[in-house]
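Use the sequences and the hints to build the structure in full.
If you're matching them up, the sequences are chains A and B in order. Take the first sequence: its position 269, counting from 1, is numbered 270 in our numbering, and each next residue is one higher. Take the second sequence: its position 113, counting from 1, is numbered 114 in our numbering, and each next residue is one higher.
Rather than coming from a laboratory, the hints here were simulated on the basis of the structure. It cannot be assumed that every hint is accurate.
Since the list gives no way to pick one copy over another, a pair counts as held whenever it fits inside one copy or between any two copies.
Straight-line distance between alpha carbons at most 20 Å, and here's what the computed EDC-like set of lysine to aspartate or glutamate pairs gives [claimed, not checked]:
1. K305 / E289
2. K218 / D384
3. K218 / E107
4. K305 / E275
5. K305 / D265
6. K218 / D319
7. K305 / E274
8. K305 / D279
2 protein chains.
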Amino acid sequence: METIVVGGGAIGLGIAWRLSQRGRDVLVLERAEPGSGASYHAAGMLAPITEATFGEDALLRLNLTSAAAYPAFLRDLAAATGRSLQSGAPGTLFVALDRDQLEALERLYEFQRGLGLAVEWLRGSRCRELEPALHPAVRAGIGAAEKEVDPRSLTAALGCAVAAAGGRVRSGAEVARLLWTGGHITGVALTTGEEIAAPSVVLAAGCWSGGIAGVPKEVADAVRPVKGQILRLRPRAGEALPIGHLLRTEEVYLVPRSSPARGDEIVVGATVEEQGFDTSLTGGGVYELLRAAIEVVPGVREMKLAEASAGLRPGSRDNAPLLGPLSDPPFGPLSGGWGAAGLVVATGHHRNGILLTPVTADAIASVVCEGVVPEAIAPFRPDRFARACC
Amino acid sequence: METIVVGGGAIGLGIAWRLSQRGRDVLVLERAEPGSGASYHAAGMLAPITEATFGEDALLRLNLTSAAAYPAFLRDLAAATGRSLQSGAPGTLFVALDRDQLEALERLYEFQRGLGLAVEWLRGSRCRELEPALHPAVRAGIGAAEKEVDPRSLTAALGCAVAAAGGRVRSGAEVARLLWTGGHITGVALTTGEEIAAPSVVLAAGCWSGGIAGVPKEVADAVRPVKGQILRLRPRAGEALPIGHLLRTEEVYLVPRSSPARGDEIVVGATVEEQGFDTSLTGGGVYELLRAAIEVVPGVREMKLAEASAGLRPGSRDNAPLLGPLSDPPFGPLSGGWGAAGLVVATGHHRNGILLTPVTADAIASVVCEGVVPEAIAPFRPDRFARACC
Numbered sequence: 002m003e004t005i006v007v008g009g010g011a012i013g014l015g016i017a018w019r020l021s022q023r024g025r026d027v028l029v030l031e032r033a034e035p036g037s038g039a040s041y042h043a044a045g046m047l048a049p050i051t052e053a054t055f056g057e058d059a060l061l062r063l064n065l066t067s068a069a070a071y072p073a074f075l076r077d078l079a080a081a082t083g084r085s086l087q088s089g090a091p092g093t094l095f096v097a098l099d100r101d102q103l104e105a106l107e108r109l110y111e112f113q114r115g116l117g118l119a120v121e122w123l124r125g126s127r128c129r130e131l132e133p134a135l136h137p138a139v140r141a142g143i144g145a146a147e148k149e150v151d152p153r154s155l156t157a158a159l160g161c162a163v164a165a166a167g168g169r170v171r172s173g174a175e176v177a178r179l180l181w182t183g184g185h186i187t188g189v190a191l192t193t194g195e196e197i198a199a200p201s202v203v204l205a206a207g208c209w210s211g212g213i214a215g216v217p218k219e220v221a222d223a224v225r226p227v228k229g230q231i232l233r234l235r236p237r238a239g240e241a242l243p244i245g246h247l248l249r250t251e252e253v254y255l256v257p258r259s260s261p262a263r264g265d266e267i268v269v270g271a272t273v274e275e276q277g278f279d280t281s282l283t284g285g286g287v288y289e290l291l292r293a294a295i296e297v298v299p300g301v302r303e304m305k306l307a308e309a310s311a312g313l314r315p316g317s318r319d320n321a322p323l324l325g326p327l328s329d330p331p332f333g334p335l336s337g338g339w340g341a342a343g344l345v346v347a348t349g350h351h352r353n354g355i356l357l358t359p360v361t362a363d364a365i366a367s368v369v370c371e372g373v374v375p376e377a378i379a380p381f382r383p384d385r386f387a388r389a390c391c
Numbered sequence: 002m003e004t005i006v007v008g009g010g011a012i013g014l015g016i017a018w019r020l021s022q023r024g025r026d027v028l029v030l031e032r033a034e035p036g037s038g039a040s041y042h043a044a045g046m047l048a049p050i051t052e053a054t055f056g057e058d059a060l061l062r063l064n065l066t067s068a069a070a071y072p073a074f075l076r077d078l079a080a081a082t083g084r085s086l087q088s089g090a091p092g093t094l095f096v097a098l099d100r101d102q103l104e105a106l107e108r109l110y111e112f113q114r115g116l117g118l119a120v121e122w123l124r125g126s127r128c129r130e131l132e133p134a135l136h137p138a139v140r141a142g143i144g145a146a147e148k149e150v151d152p153r154s155l156t157a158a159l160g161c162a163v164a165a166a167g168g169r170v171r172s173g174a175e176v177a178r179l180l181w182t183g184g185h186i187t188g189v190a191l192t193t194g195e196e197i198a199a200p201s202v203v204l205a206a207g208c209w210s211g212g213i214a215g216v217p218k219e220v221a222d223a224v225r226p227v228k229g230q231i232l233r234l235r236p237r238a239g240e241a242l243p244i245g246h247l248l249r250t251e252e253v254y255l256v257p258r259s260s261p262a263r264g265d266e267i268v269v270g271a272t273v274e275e276q277g278f279d280t281s282l283t284g285g286g287v288y289e290l291l292r293a294a295i296e297v298v299p300g301v302r303e304m305k306l307a308e309a310s311a312g313l314r315p316g317s318r319d320n321a322p323l324l325g326p327l328s329d330p331p332f333g334p335l336s337g338g339w340g341a342a343g344l345v346v347a348t349g350h351h352r353n354g355i356l357l358t359p360v361t362a363d364a365i366a367s368v369v370c371e372g373v374v375p376e377a378i379a380p381f382r383p384d385r386f387a388r389a390c391c
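Okay, here's the thing in structure tokens:
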């Protein structure tokens, strides 16, 4: 075994695929089933532009880089697996339903324009031309050329791609501890006590990353679960989806898609809750999602509520991921520079895990195989929170 | 086999139990699992008073009779099975949240008083004293001494009671056809083709009653599925239920209980929809239930949404059940009077199936065993819709 990847979500599988493609001998250890964590619940919006938030410029650039990498990533994946996951979505509409939302939307538009993002201001009538199912109250919208990908199809395809490239994935293998010897990682121990040796370990365990013994404290402390409740609705038999665009308001998003596995659906998400590892649905959470979705697309009332679920995003202190090698092992400094300790981190992707899968997979593969930290991920050093305290 | 009961819901099992107790050799044929139809989804309010509706006096009397019979019925059931299902609920509060609801509540109160029902008018402050979790906007309420029973525990206990009394229940046995010979029923045929002979058949197949060949047309045409979406919420770990009373508004009801099987829960119901045999949840259905529940008890927001489901009530043309023998077989008149044809009907209980289980079970047992139609069910002849047309 050359490299163990801890975590079989989109991030871990994406990394394992790229490593396997480069000829690395890779084993993914997944505590449950591949793709059953945050990836399973994710909506799969590839929305760097309409997710752009004040004060997160570095993250925006990373998001844009990954969105730009997505088409080639999916083409590669289709070539490897025969599964085409390209989205047909005509883009995102971020709409305002009342005066307050309109003012906020105008500020967002100015902010986006200031960043040079490709956004278009649309009058309400134009929004309704594009999406006749929108509530008549829609005042205006921002249009952006964004896509989506079905996260469940993505992780399924990545799992196949890993196998096709010679990698392995073990389900039900929960890592309890990273094993260190003389300041270098030597493998992992499972909760069963089984030890698996490897000179290189990638930590991609999402919100569970902090619970693994031997993970450096500055990494473990930086990652926490951020609960999201999310709904999936389907049209009645014989009816079409009411919308084609990805839709957003300041309260909710709606992602329409035709999933190969599940047929037509709209994903409505998502709450953002600090509730530890709790994954309960709540009366208020489901209520607010339905209310906000019905407010913008009244036809959601008539759709079947096919699924309601809650997942745990790996949140970080600054909402940006932790990416790259550890310069030092957890028990003291080590000569040899970045990556010498053998542990590479890829977690804390928060709301952007699906979007950031291509850039993360490619960059982490470069770190592991070449010992090089690509410029794209340089601002996201996994030990940046430790340094911030000093 | 002396008597076949078609349908293993609360009604069919209740009848089978009472028949078995009287020494009848009884077989219940259930298309799926016992208690998995309308009974599974039902809230279990035993609410003859607050369900009382203008123009349904005969049904009100039947409901009151059955509510009065419930304590003894449950005592018998506990004696037979060792399971106590007695409710600890302190009664029902039917509350008004705004001026319009207040005026409607005043009219309802006058109507109930006119019928001599035991209802009490409560000021808003008194309602909040009784239930501090009520929304502060509650203007007034009607109090009534009503109870509840957990329908899933009820059908489970009835299944045990049937077995304990020597009856049998077959799951996955779907009746396709009633068998008639010379104007008398001779048994049933299953969808598998298997025929089971019996001189006496009780039709208690709920909304599926009309789909069985050989059921007299006036019965088959009178019963239809009426869809109800319903929610079950649970408190967070370590927290208590926010309410003790059964609560109603004109939009929603909330039934708090501590289920032996599931622990503390509040059942929030229910939509009333004409959607044929469709049992989908819908965005609008779940939304309206949550909205109305949160409006009257804001603490519902914090509760776990444990279950959302949809069942099919057996609706009838006048919302009252079809109870008793067929005077004539479906293929022509028969000498010998009521019950001679061997088919006894017990379906169409609509919103009142759980409430009406005791009176239905006792009355139908009298019909089958003694050929007597008890006065309580006389207004609910199963052929009353045929006669109404002539």
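Original post:
What label fits K305 with E289 when the C-alpha limit is 20 Å: within, between, both, or neither?
Top reply: both (17 Å within a copy, 14 Å between copies)
**OP:** If the cutoff is 20 Å on CA atoms, where do K305 and E275 land: within, between, both or neither? Let me know, please.
**Re:** Classified as between; 15 Å across copies, 29 Å inside a copy.
Subject >> Intra- versus inter-copy proximity for D265 and K305 (alpha-carbon distance at most 20 Å) >> reply: Classified as within; 11 Å inside a copy, 28 Å across copies.
**OP:** State whether the alpha carbon distance between K218 and E107 is at most 20 Å within one copy, between copies, both, or neither.
**Re:** The answer is neither: 42 Å in one copy and 65 Å across copies each exceed 20 Å.
Original post:
Is it within a copy, between copies, both, or neither that the alpha carbon of K218 lies no farther than 20 Å from that of D319?
Top reply: within (17 Å within a copy, 69 Å between copies)
Original post:
Is the C-alpha distance from K218 to D384 at most 20 Å within one copy, between copies, in both cases, or in neither?
Top reply: within (9 Å within a copy, 77 Å between copies)
**OP:** First find the shortest C-alpha distance between K305 and D279 inside one copy, then the shortest across copies, and answer within, between, both or neither for a cut-off of 20 Å.
**Re:** between (26 Å within a copy, 11 Å between copies)
Original post:
Which holds for K305 with E274 at a C-alpha limit of 20 Å: within a copy, between copies, both or neither?
Top reply: The answer is between: 14 Å across copies meets 20 Å, while 25 Å in one copy does not.
Hint compliance for this structure: hint 3 is the single one not met.
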